[in-house]
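At position 463 of the sequence shown (counting the first as 1) the number is 464 in the working numbering, and the numbers step up by one without a gap.
Hints are computed from structural coordinates only; laboratory data are not their basis. Honestly, I wouldn't trust all of these hints.
Stated by the list, open to error - Calculated pairs, SDA-like style, for lysine to any residue (alpha carbon to alpha carbon, straight line, at most 20 Å):
1) Lys13 / Lys187
2) Lys187 / Gln158
3) Lys48 / Lys187
4) Lys48 / Gln152
5) Lys296 / Asp462
6) Lys187 / Cys203
7) Lys227 / Cys203
8) Lys187 / Met165
9) Lys13 / Val75
10) Lys316 / Ala421
11) Lys436 / Ala319
12) Lys163 / Ile78
13) Lys217 / Phe142
14) Lys296 / Arg350
15) Lys227 / Asp248
16) Lys187 / Ala228
17) Lys187 / Arg224
18) Lys296 / Gly326
19) Lys163 / Val75
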Amino acid sequence: MGCHGVDGETVKRVLIVAYYFPPVAASGAMRPLGFCRNLPAFGWQPKVLTTTPECVYPVHQIDQKLGVRVPETVEVIRVPYIDRLQQILQYREVLRGILKGNANQGGDGKDLKNEASASSSQPGTGRPTLKEFFLDWAFAFPDRQCGWLSQVVRHFQRIREKEMPDVIFATGGPWTSFLVGSTLAKQFNRPLVLDYRDPWNCNPYYSFSSRLLIRKSQAVEARVCKAASHVIANTVELRERLIEDYDELRGRCTWIPNGFDRDVLPLGQIPAEQLDGLSPSTGYELCHFGTVYGKRTPRVLLQAMWELFQEGRLKPEAIRLRFVGGWDTTDQECERYAAELEKRSFLRREPPMSHSLCLEEMQRSSVLLVLQPDSPLQVPAKIYEYVATGRPLLLIGGEGATANLVTRHALGVSSPNQLAAIKVLLNELATGARKLVHPDVARLNRFDYRSLAGELAAVLDVATGANESS
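Start from the sequences, fold in the hints, and give me the full structure.
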């Protein structure tokens, strides 16, 4: 196995299964990119299996500057596929238009969108409609990206022996990536390493409306974990939960956090006058980069600011908010608070920007805001880019993996997503009773992908060694 490098040393090959990969500017693309850029220094040559940007679901921004960061030595295999559910629903809309005597008459698309997102139903209801069950079972299991699996299998049917990797590394979600990795590992007779960027069946953002499909999903996760030579979690808390759920993983489940690429976002770039400028006298601007959606809503934070303003205890000169990115919350109360705060210069909302520009704006920020309520096992991937800037973090969501990370490494301050607690924190910051300080640069080196890739290489070495000895 492996191939010979320029110095005669054997370079081992890893196939990285990453549904999200540059130039797709998804947060899930940053981890495989960081590994790709740094694994060769540890004797591993990566090859990436992904899909084409136009096939990615849900639709993500394309950032060509991000794509340039992929090393020329890394081969990227892009296997396109068709989202069968979306295609069927589009055919239905065309047919409806024809039957109505107008091929262009298909409504405003809302019905199609609602049906296409059937798998996002709340967990545990146990009473899905027959249509919801069928759509989930046929087109969204284990997720909406499921159509990619068959196309990948077809693509790799006639692979030559010399093209086979030494190990398969699959990062998820989507969880179809795990099925792709498991299938190829069996086909190639190679060890499989699974990489959890998020929880799977214990994820508050992932579930089915049918108890039958929930049990089926849990069984699939158990099967692929059992087949894996090694499992990696990106938080300590998720690693502990996986071992609790699958005791056979004890001894072959590791924690490797997400990180940042020092070549792209080196530490210590912040001018000294900015580093010294954090004080109540200049005010704090809490900057959030990325989409606001679902459970990741700032409603309680906005309510706290509004009430402090109404009570005469907060002015925009002391604390204000800046949101850069999509604003996809459907919470009308949240929108009402946002509009009122905007009128009074407490808040500004800006459209999405390129990843490279986002990094520059993060570095110019006063304080970086993290919204992570009700997610005890997860840490948002972008937090590590926040960390790389050396700016202090303010976390709303004072429980679980993200809060533990902020506390453990002294990255900033956190508060539970509770009105009274947030008001206390904001008031303390506004009055100077509490101050935000910059993290210690030495602590941040733990999250450099140069270091993290070495940890992954050690796991790959063990996986291939165990495979050779078995």
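Here is how each hint holds up against the structure:
1. Lys13 / Lys187: holds (19 Å)
2. Lys187 / Gln158: holds (12 Å)
3. Lys48 / Lys187: This hinted pair holds, its Cα atoms lying about 18 Å apart.
4. Lys48 / Gln152: Satisfied, since the Cα-Cα distance of roughly 18 Å is no more than 20 Å.
5. Lys296 / Asp462: Measuring from Cα to Cα gives roughly 39 Å; hence the hint is violated.
6. Lys187 / Cys203: Between Lys187 and Cys203 the Cα gap is close to 26 Å, so the pair fails against 20 Å, i.e. violated.
7. Lys227 / Cys203: holds (17 Å)
8. Lys187 / Met165: holds (12 Å)
9. Lys13 / Val75: holds (13 Å)
10. Lys316 / Ala421: holds (18 Å)
11. Lys436 / Ala319: holds (12 Å)
12. Lys163 / Ile78: The hint holds at about 16 Å.
13. Lys217 / Phe142: Within the cut-off at roughly 9 Å; holds.
14. Lys296 / Arg350: Roughly 19 Å between the alpha carbons, so the hint for Lys296 and Arg350 holds.
15. Lys227 / Asp248: holds (10 Å)
16. Lys187 / Ala228: holds (9 Å)
17. Lys187 / Arg224: With Cα atoms ~13 Å apart, Lys187 and Arg224 stay inside 20 Å; holds.
18. Lys296 / Gly326: holds (16 Å)
19. Lys163 / Val75: holds (17 Å)
Checked against the numbered hints above, the structure breaks hints 5, 6 and satisfies the rest.
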